[in-house]
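Asks: Fit chain Z to the given chain W structure using the hints.
Residue numbers (numbering that gives the first Met the number 0), protein chains in the order written: chain W, 0 to 305; chain Z, 0 to 136.
Since the hints were made in silico from the structure, they are not lab data.
Errors might be hidden in some of the hints.
Only part of the chain Z face toward chain W is listed, based on derived beta-carbon distances under 7 Å [claimed, not checked]:
1) 48
2) 51
3) 59
4) 61
5) 64
The following residues of chain Z were derived to be distant from chain W, with all beta-carbon distances above 10 Å [stated by the list, open to error]:
6) 62
7) 63
8) 66
9) 80
10) 90
11) 97
12) 100
13) 104
14) 105
15) 110
16) 112
17) 127
18) 128
19) 132
We put the beta carbon where it would ideally sit given N, CA and C, even for glycine.
In case you want the letters, here they are:
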Amino acid sequence: MIEHCLYGVKVDCDFALFDHPTPVSALAPGAHSALELRQVGAGAAAPLPESLAENVLVYATHGRELYLRTDREAARSATGQPWHLEVEGVASFSWTGGESVVYYQLGDKGNRGLLVFWFVHIFLPLYLTLERGYDFIHAASVEVDEQPILFIAPSTGGKSTLGDYFLRQGHPMLSDDKVATFLEHGRFYAVPSHPHHRPFRQFEVLGNPIEHFARQARPIHAFYVLDQAGPDSGIEITEVTGFRKFEQLLPNYLFSFHFLQEQRLRWLAQLADQSLVYRVRRPWNLERMHETYTAICAHARNATSS
Amino acid sequence: MNGARVLELSIDMGCWLQVADITYCSNFPLRYTVLHTATPADKDMNLNQTVIFSPEVISQEVSGETVLLDLESECYFGLDAVGTRIWQLIRASGDLRTIYSTLLDEYDVEETQLQSDLESLLTEACARGLITLHAAP
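For reference, chain W alone in the conformation it holds in the complex:
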C-alpha cells in the first residue's frame, strides 16, 4: 500500500495517487486512524444493502451529478451505517460508519485520473465531515509567519489567484479551495489539504503540484473576505464584527446539507465568535496584486480584534 497524507489524515491506497509525495508530518492532531482506499473486488465486497435507496441526496458539481445514499435519516455517520457516493458514470465510493476502509468502483466513463480527482477533491471532504467531525470552509489558505489566514470570496472572486501570489512569494499554502478545520482545546485549527493549487478554471482537475505545502495544522489566525474595487482604487481593510462575521462565513460552509444545519449554526457561530474577520476592498487589477499582498501581510502580522 502507498501511504499519503491528505487533509491531515493518513490515507493508504493500492496505487500512488500523485507523482509527488505528501508529507506525513502534516497529520493533524486528532486525525485518528488511517483511511484505506480499496477497489471493490480486491479482496472484499462493497457494503451495499438494498436499503440504501431509501435516503438519497443529490447535488451537482464539476459538471456531474452526485448521489449520496444511506439507509436512514441522514446525519453525521453512526457506527455501522452504510454510505454510498456515486459520481454519475465515473466512480462510486462506499463505506461503513466507524470503519476505515473505503471501497471504490470505476464507472464506464471513469479512469484513474478522474478517480483521484473525485476521491481527493470531493469524496474525502465529504467523508471527513461525516466520519471524522471536520468542518470545511470554502476558502484558500496560506501561512503568514506560520499562522494560517483564509481568503473568502465568491466563485471567480480571486481567492485562488491571490493564494497563488502568496505561494509565489514563498508562503506555504494549506489549500486553494477547501480548508478542513477542527476545534481542539478551544481553538479552531486549519488543516493542510493536498499539495495542489488551481489558479485557473477547469473541471475535474486537481491543479498544479506545489512543493511549498504547509506541513501541519495550526490555529486559524484570521479570515479575509475579498471585495472588488475599481482598478485604480486604494486598498481598505476593515474589521467585521458581531453576527455579521457569521453572515460572512455562512455561505462558505461547504456541506450545507439539511441534516447538518444545527451543527452548522453552532460551529459557525463559535468560529465567528472566536475569529478575526476582515473585509479587504482591493483593486481588481492583476498588475497591482503586489500591493494587495503587501497590505494583507502587514495587516495579518498586526491583526488583533478591536
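Replies: Positioned in the frame of chain W, the structure of chain Z alone reads:
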C-alpha cells in the same frame, strides 16, 4: 437608571437579517434577503403576556450579538447587542412585564419608546415564528 446605556433602541432592535439555507454546491450563489426594519407600533403594548420560544429555534451568541436559526423554516436571523439583551431576558424570564422593567432600568429610553420598540421586535419575532405570546397566567 445608574450606569444606564444610552442607545437608540428603535434602530438597533430593527436590525434583522435573514439568510436562506443553501444546499451544497460551491458554485451556487447564496440566496440572501435583508428584511425590513421594525417600525414603531401605534398603540400601547399589553405587558400582561408571556413570551415562549418556538422549540424549533436555536440561538448562538457571536461577539456580543446573536444568531437565531429556525430549524423549521431554515432561516437565519441576526440580533444586534440590544436584541441580544432582549433575547437573554426572554430566556431568563419570559414574563413581558419583567423584561420591560429590566430594559427600562438598563437603558436610557422613554417608556413609550421602549414599549413601541419592544412591541415591534416581538411582533416581528412572532411573525417569523420565532416566539409566541400568551396571556400571563
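Asks: Decide, holds or violated, for the assertion that all CB atoms of chain W are farther than 10 Å from the CB of residue 105 of chain Z.
Replies: 19 Å, holds
Asks: Test the statement that residue 127 of chain Z is away from the interface with chain W: the closest C-beta pair must be farther apart than 10 Å.
Replies: 16 Å, holds
Asks: Taking the shortest Cβ-to-Cβ distance between residue 110 of chain Z and chain W, state whether it exceeds 10 Å.
Replies: Consistent with the label, residue 110 of chain Z stays out of reach of chain W, its closest Cβ about 28 Å off (over 10 Å).
Asks: May I ask you to test the interface hint for residue 59 of chain Z with respect to chain W, counting a Cβ-Cβ separation under 7 Å as satisfied?
Replies: 3 Å, holds
Asks: Would you say residue 100 of chain Z is clear of chain W, with no C-beta pair closer than or equal to 10 Å?
Replies: Given that every Cβ of chain W is farther than 10 Å from that of residue 100 of chain Z, nearest at about 26 Å, it holds.
Asks: Please verify that the nearest CB of chain W lies beyond 10 Å from residue 90 of chain Z's CB.
Replies: With a cut-off of 10 Å, residue 90 of chain Z remains clear of chain W, as the shortest Cβ separation is near 16 Å.
Asks: Going by Cβ atoms, does residue 62 of chain Z stay more than 10 Å from chain W at every point?
Replies: The assertion about residue 62 of chain Z is violated, with a minimum of 5 Å to chain W.
Asks: The output says residue 63 of chain Z does not contact chain W. Does that hold with a beta carbon cutoff of 10 Å?
Replies: 6 Å, violated
Asks: Are all beta-carbon distances from residue 104 of chain Z to chain W longer than 10 Å?
Replies: 24 Å, holds
Asks: Would the hint on residue 51 of chain Z be counted as holding, given a Cβ-Cβ threshold of 7 Å to chain W?
Replies: With Cβ-Cβ at 20 Å, over 7 Å, it is violated.
Asks: Would you check whether residue 48 of chain Z satisfies its interface hint, that is, whether its CB is within less than 7 Å of any CB in chain W?
Replies: 27 Å, violated
Asks: Does residue 128 of chain Z clear chain W by more than 10 Å, comparing its Cβ with all Cβ atoms of that chain?
Replies: Residue 128 of chain Z is indeed farther than 10 Å from all Cβ atoms of chain W, at 16 Å.
The earlier numbered hints that this structure contradicts are 1, 2, 6, 7, 8 and 9.
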